[in-house]
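Visitor: Each chain, letter by letter, is given below.
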Amino acid sequence: MTAPTRAGFDQEILPHLDLLYRVALRFTREPARAEDLVQDTMVKAYRNWEKFEPGTSARAWLLAILRNTFINAYRREKREPIPMDHEVLDAHMAAHPGEESDPEGAFFDKIVDERILKALDTLPPEFREVMVLSDVEGLPYAEIAHALAIPVGTVKSRLFRARRLMQTELYEHALETGIITARSGR
Amino acid sequence: MSADDDCTRVREQLMDFLKQELPANLAADITRHLNECPPCGDCAEYERRFVALLRRRLSGDCCPDAVRARVLDALRDATPPA
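Chains as they are written, first to last, in the working numbering: chain D, 1 to 186; chain R, 1 to 82.
Hint data in this document are derived by calculation from the structure and do not stem from the laboratory. Heads up, a few of these hints could be off.
Taking lysine-lysine pairs in the DSSO-like style, the calculated list, with each CA pair at most 27 angstroms apart, reads [what the hints assert, rightly or not]: (1) D:LYS110 with R:LYS19; (2) D:LYS51 with D:LYS110; (3) R:LYS19 with D:LYS156; (4) R:LYS19 with D:LYS44.
Beyond 10 angstroms from chain R on every Cβ pair, some chain D residues (computed) [as the list claims (entries may be wrong)]: (5) GLN11; (6) ASP18; (7) ALA73; (8) THR122; (9) GLY178.
Beta carbons: idealized from backbone N, C-alpha and C, even for Gly.
Please build the complete structure, drawing on both the sequences and the hints.
Guide: Have a look at this one:
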C-alpha cells in the first residue's frame with residue numbers, strides 16, 4: 001500500500017473534472033453554484049483522499065462527495081418527498097408515450113437542446129440525479145448506487161420512472177409544437 | 001411459455017439489457033426476441049434513441065478553463081491529505 005499523495009490524487013481524480021462539472025451543473029442548474037460546488041467537492045475530496053480505497057471507482061467516490069456537499073450546503077430549496085403520483089405511475093407507464101404515432105421515437109431527434117435540458121431540469125431531483133448519472137454520463141447501476149447511497153433496486157425504479165416522465169414531457173412538447181401529429185380516429 | 005409472457009419478460013428486462021447489465025445468456029435471449037417481435041423491437045429502438053439523445057446532446061460540456069484553474073488554486077492552498 002502506498003501512502004496517498006497529491007500526485008495520486010491528480011492522477012485518479014483530475015480526469016473526472018469534466019464529468020464533475022456537468023453533474024454539478026445539472027444538480028444546481030446554475031453555473032455560479034455549480035462552480036462553487038465543484039471547487040468545494042474537490043477540496044473535500046483532497047482532504048479525505050486517504051479514505052479512498054484504491055481499486056474502487058474513483059468517480060463514484062467523487063460523485064458521492066459532490067452529492068453530500070450539494071445536499072448539506074447548496075440546496076436552498078427543500079428536497080421535497082417524491083409526490084405519490086410519481087410512485088404509483090407504473091400501470092400507466094408500461095406503454096411508451098407516442099407508441100401509436102411514433103413507435104420508434106423518431107421525434108426525439110427533432111427536439112432542440114434547450115427543450116431537452118428543460119425537461120431534464122424540471123424532473124424531481126431524485127429522478128434527475130439518477131437520469132444524469134445513468135443516461136447522460138453512462139455510469140453502471142453499481143456506481144450510481146454508490147454515488148447516491150441508495151440500493152441498486154431503487155436506482156432502477158427511479159431510472160424507469162424518470163425516463164417515462166421525461167419521455168412524456170418531450171412527447172407532449174412534440175405534439176404541441178407540431179413536430180409530430182397524433183394519429184386521430186381509428 | 002406463451003408469446004405474451006415472452007414480451008412481458010423482455011419489457012421488464014429491457015432497461016438492464018440496453019445498459020448492458022445482463023448476463024450474456026439472458027442478453028442473447030432478448031436479442032433473439034427483439035429480432036423476432038416487431039413491437040418489442042420498436043420498444044427497444046425507442047429507448048435506445050431516447051438514451052442516445054441525452055448522451056449525445058448533454059454530455060459534451062467541459063469544465064471551463066477558469067473553473068479548472070480555480071480548483072487547482074484551491075487544491076494548492078488546501079491542507080494536504082494526512
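Visitor: Okay, which hints does this one fail, numbers in order?
Guide: 2, 4, 6
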